[in-house]
Each structure stands twice: as structure tokens, then as C-alpha cells.
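**Q** Following our numbering, the numbering of the sequence shown begins with 1 at its first residue and continues without gaps.
It should be emphasised that the hints constitute simulated quantities derived from the structure, not laboratory data.
Since the structure is predicted, the reported quantities are computational estimates derived from the model, not experimental observations.
Careful, some of the hints might be misleading.
Listed below are the simulated DSS-like cross-link pairs for lysine-lysine, each with C-alpha atoms no more than 30 angstroms apart in a straight line [stated by the list, open to error]:
hint, residue 1, residue 2
1, Lys-696, Lys-793
2, Lys-336, Lys-304
3, Lys-676, Lys-703
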Amino acid sequence: MKKKKIPVIALCMALTGASIAGCGGSQTAESTTAAATEAQTTTAAAATEAETTTEAETEKETQATAETPSADGAINLNTWLMDNSEMVENSWTKQMQRSLKVDRKKVNDHLLEGYLSYTLESGRTCKMYIGKHSALRAYITVVALPDGVTDTYQFLQEQGWINLADTYGEMIFVLEPENGKWGTPEEEVEYLSDCLAESVSNDAYGMREKSGGGIVTSGKFRTEDGQDVATFTGHACNYYVGYGEGCKALESWTSNNPCLVIGQAFIGGESAGEEILQASAARQYNGINTGGYYPGMDNYSFQKELIRMRDEGVISSADFITNADIPVPTMFAGYKEDDASVAYWKSVNDVEDTAKDGVYYQSANSDAWQTEYNNSLAKDMGATTGISSVKMVDADTMSAAEIRDYLAMYTRYTTPFAYSNTLGMRTDYYAVTHKARETAEAGTAIDTVKYDAVEGEEREAEIRALESNRLSVPFMGDYNKGTVYSCVTAFNDYDEDGTLDPRECIIYVPDSAKESTDENGVPVVIICPGSTQGSNTFFDCTYWWDIANKEGCVIAILGQFCNSSPASLAYGDKSDSADFSRSTLAILNNQIAEKEGIKIDNTRIYGSGHSAGSNLIQTLTHTTESGYFAAVGSTSFPNEGEDGFSFENGMPSYLSVGQADISEPTPHPFQRDLVKDPWIVTEDSAIYNWINNCLKDNGVELKFEADDHDSFVDTCLSYNEDGRYFTYTWADADSDAPIVSFNRTIAREHNCMPIEFTFAWDFVSNYKLEDGKRYYSESAFEKDDTVQIDIDKTDIH
């Protein structure tokens, strides 16, 4: 990472009051503690039933919505939330909180749709538009109005934002100037913070206060009784669009919070000014993150890691990242080339000197941490530049569709830590998921599929929708290499009202799978997202679609459902998730295989996931589903104890965690510390326990001197402790084939980094399960190099 030549003006973050220690905010998916995740997954049936909306209540809710519009036609959230929520006990904290009811008939759609108005405690106002069939974790575009707008809805409609939100199932959050006129950026600090502030979920070892973040970050609105009501949840990072006088205030915030900004557009406005931009540029990120699991590393220790990686040639600089190093795709309409903002964002984005059709593209040689992975992907696809850019448009007006065409080329994920924040290429498939939600709304089956339930009997799953389209990558023009399916099924009655409730799954079939000449068929990866991550969120942030394109595998991402909150997602119990996996495999072998003309290789079914999804897929593959899966590879949460292992069938296993991942050591009731080195032998040493149990499950005894690094690595088949990725691998008891592998990613908090899923694929793809026996192939079965492993297990079921 080269140092930008931007002078530092010491305004000390005066414009936002943001913490210097961490980056961005904590997205809803990863800001909850692991304890809350556990509680969310295990909500008691009685509480779930109590919070579930009946058909009669749904009708009443609709009437309440219609009866509480504000003067401008918006639903008044200040009164609506009081009228349509109730005080319930939080199953984990045991505290009373105001909560909306769950509508089980929705396919993870937001409970509210349409035009909303809210008045903050300060008296300032904001608006929101939630598009039709907007899914939880949908993208949000934050719009800062120009001065003088008297009808916000009319402005949004005329610009085209309402139509776009309804078409793609997205959300619009509107910042409104006070009395129709914006103040200076300094005067707007409080309002911007109330609406947009990052969340800070740890106290940095007592150095700062925690904060839940602004409305957009938290998805919560405060009611008159002081309760914060969870109402919506977005992707995590957002798009930002300023108009006219609103540009200056908006840019003062985005320039200081780039990890939260996917892309931005400034239409007919003015620069926030050199002084503000340079103050933003100076914001520095050390080894402390803003997530809720483990704060991170002190400056000395973190700097030492950076120096080591620089000296090993992994990174170009050991300096801490600043805002001046974090690329943000930016469009200017009606700005001059010599404008201070244009010069600033060109520098931040490492752009080339010459524009192509008005676009200054990021240099392919940029060493920005945030674009490293996707610049590599783009190069593989034929790009000659980096992915970020600055676009100049002569006109000072643009339609919402034109703005979205630029911004929607990009996505971004994870807000707590600048070193694992990823800016990437967004794919275009949301019209398919939107159509599937519309089709499934009727609640009727268009088809059915039979599967063997985990409890032993044959069951039937309803297919409520199965919509498909080609998957495009707008940044790469007409690049498309496969077909994406949005599949809505129903196989369980969660509220016990006699009707099966919908679940969503995204399936991707690359052309490389359809072109496969392997007579055995093509492999499948069943993927479980982290807690509160939608299947669409995980599709976008992990880039499994690129792995599928390159490797010829089919992927299926299992969605979660509104278990106890209409603004959050969670899994059901283990049996429910096993049935979801089995019914999805049945759909792949029948409906998808027939439509795509492919054959599924059921000897090569693999599992993957992240966080709560990692814990789930590791647990399933080591217990009830070990006879379905050939191997498992996931990130940031191991399976644990007797519930996580059956010690019967063995399972080739891979796990990757971050250097600052989940840490809940004794006396925490969960007693799991993923941060401890794997050679530390304690009851709460989660990685040691996982490695030991996985090897035991595969018939290998782990013997070394407790707490001794050297004797630990002596047990490994191979290990690497250079660069950013420290990997340790152990061999099968009866061959030299690897059977268990663990990776520690340096400079990562609890987050899913896309490159780690390529590591997981590289591991799992070498295994198959056939006729009750497991096999390993170093060439992933491209050569005649197959060897049997776990030879003492010859009847895997």
C-alpha cells in the first residue's frame, strides 16, 4: 500500500466524531455477539409462536398501515411503530423490548413496504421508501435532497427512485435539509450521525464507548417510550447519492466513512471543501476493529505483523491504512475536472491519468487492500484496469436509472475493519429473486419433490417458485457465464398453523458445469450464510459464483428465515436445517438437473458456510449428514462438543478463522476462544478442540506437548507460517492424504473474506464419498490418483 501524497490537516475527526480506532460500522450480520446468535437460533417455540402474525393480525396490520399516513402520504413511523409493536422479553438478555411481529407467510420480505416518514428526537425528519418484496439485507441507497424540495415523494418519483426500488426490491433512505435548506457540514454533524453513524460494538479495551449506530446502520427507529424498534435491515454497506446543496454535507460523511460506502454519486453539487477532505484523509485504522467479538490488536503487535508481511513481500507498506487508501467508486455530474472533490477521489481511487469515455479507472497496479481480490478476478475475466473508478458526466442532472447503472456495478462488504473490507464487482440477478417472491406470494405449490427427512420418513417439499435468468457482471460488460435460480420452497410449518412456511435458496449453475464431460456429473457445494445474512448477501460477498465458473461446480446457498424478529434472519434447529439441505439436493437432482441438462455427482457433495452457518454446516457434516457430504470447508465458527461430532463416519474438514475472530474465553458461558493459538490446550481453546475432535472423528490421535508450538507443528503433514495465511494440515491415519486443515488469516476480524472460500474449495474438491467409502485425489479426480481414506470406515451412512 503506497502512501498517498495528501497533506494532513489535523481537524481530528471534528466533522463526525467517529472513532479513529476502527473502520466503518458493524453490519447487522456480524455485530451481534455469538451469544445473541446462539439465542436467536434457539428461540423457544412458545416465544416464536407468541410473536408470529396470524392471518387476522396481518389484516389488522394492513388496516393500521392505511389509517396512519402523514400529511404527505407517508406512513408515520413515530405512531405506526407504537401501534403495531408490543413489549416482549428478549430470550437472551431477559430484558423487555419493543418488537414487531413476524409474518411467516413472507419470503423474508420486510414487514413494511412503501413510503415512510420519521421525525427524530431533534425534530429533524427523514424519509424512507421500501420497495415491493424488498428482502431483508437488501441494498440501500441513501439520497441527500437538494435545497428547496417541498415534496420528497414527488422528487423521488420524478427522478425514478420509486420505480427502481419496486423493480429490484431495494430501499431508499432520504436525508432532508432542515426547513428546506442545508446547513454547513459542521452544522449537519448531529443529523448525519443520527441517520448514518457507524456502529461500534466493542470498547477497544476501555478506550471508547460502544454505539449502536445511526438509523441506516442499525435498522432501528426510536419510539416515544425510548425503545429502539428493529424495522429493517440492509446489505451493510450502502450507495450514497447527493443532489445540489445536499452533496456537500453527504460528502463530508462519506469521505470519513469509506468502508461503509459501496459507491457514491454527486449530482450538480459542490465539493465539501479541501479542508474537510484532507481531515477525512487523515483518519487512520490500526489493529482495533469495531465488531462485537474481539477488539483486535494493540498498535505495537499489529505494526509488527504489518512489518513482517511487508518484509516477506506480501504487502508494499507497513503503514496503517488511512481513508486516503480506501477506494470508493465515485460519479460526478456537473463538476469540473479541477474541483477539489474530483482531485481527491481520483487520488483515493488510484486512477490512471487518462479517462476512457469519461471514466478514470483504478490502476491495475493499485495496492489497495480492499480491491486486491476483485482486481485479480477482473484480470482473470479480461480487464486491464482495477475495478474502482471515477466517472465524470458533463450534465448536472441524471436520472436515477443512469445513476444506478453506474453504482450497481459495485458491491462492498464488512464494515468493522479496513484490512478485510472488500470492494467488488456486483452481479445482476435481483429481478429473478424479486420475481420469485411475487410468484411465491400466492402460497401455492408449482411443483413438489420427495426427500428422506432426517427423522427417517419420506417427506414432500413444496416448490413455490423457481425463477431463473442469466447471471451478468455489469462491470465486465456482456460477461455472463451461467444461470442463477431463485428457489422458494416450503417443507416445515414453523408456526404450527397447518400451512408450510416458505424458505429461499439461491442456486447457481455455471456454463462450465453444463459443458462438463465427466460421466459422473458435476459437484455441488451446499452453503450456509452467517447469522442474519440473506442468501443474496452471501452470494454477493463471497464470490462463490466465480469459484463455480472456474471449477465447474454448482452452488446452492440456503437462506434463513425470520425466526423471532421480522427484521433479522436465523436458522431453525439442526433437523430443520438438515431437511433444508436434503430437500435442496433433491431439487438439484431433479428439477435443476432436468432444466439445465446436467447430472449431479452425488459422490462429490461439499459443505461450506460462515460464522453461524459454519457452525451449522460443520455440525451437520460431522453428525446426521456425514453420509451425504464428501467434505466440509468453512470459516469463522467451528462445531463443538458432543452435539457437533458423532465420531462415527469421519469427515475431511477445513476451517479458516481470523486473527481477531470470536473470543469468548472462560468465564464466558460459551467458553470458546478462536483467537487462542491452536497449540494452547485449555477447555476454552476452540481451535485446538476443533482440530483434536476432527482428527479423532477421522481416526487420528493428536499427540504433542501442550502449549508447545514446535511439538504441535511436528504433528502436521505440512504447515505454513509466512505471509497473511497460516495453514496447518494433518494426514489420514492410513495414508499421506490430508484429512484436516486449519487456516489463520492475519489482519482479519470475524468476517467472511472471499479468498478464504477459494482455500476451502481447494481442500474439499479433492474428496468424494462413494459406496460408503471416502476417497482422496490430489488432482481433484482429473487424474488416476485416487486413494481410499478412513479405511476403517467402510459403511459410511
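**Q** Now look at each hint and say whether the structure bears it out.
**A** Hints versus structure:
no., hint, result
1, Lys-696 <-> Lys-793, "13 angstroms, holds"
2, Lys-336 <-> Lys-304, "43 angstroms, violated"
3, Lys-676 <-> Lys-703, "18 angstroms, holds"
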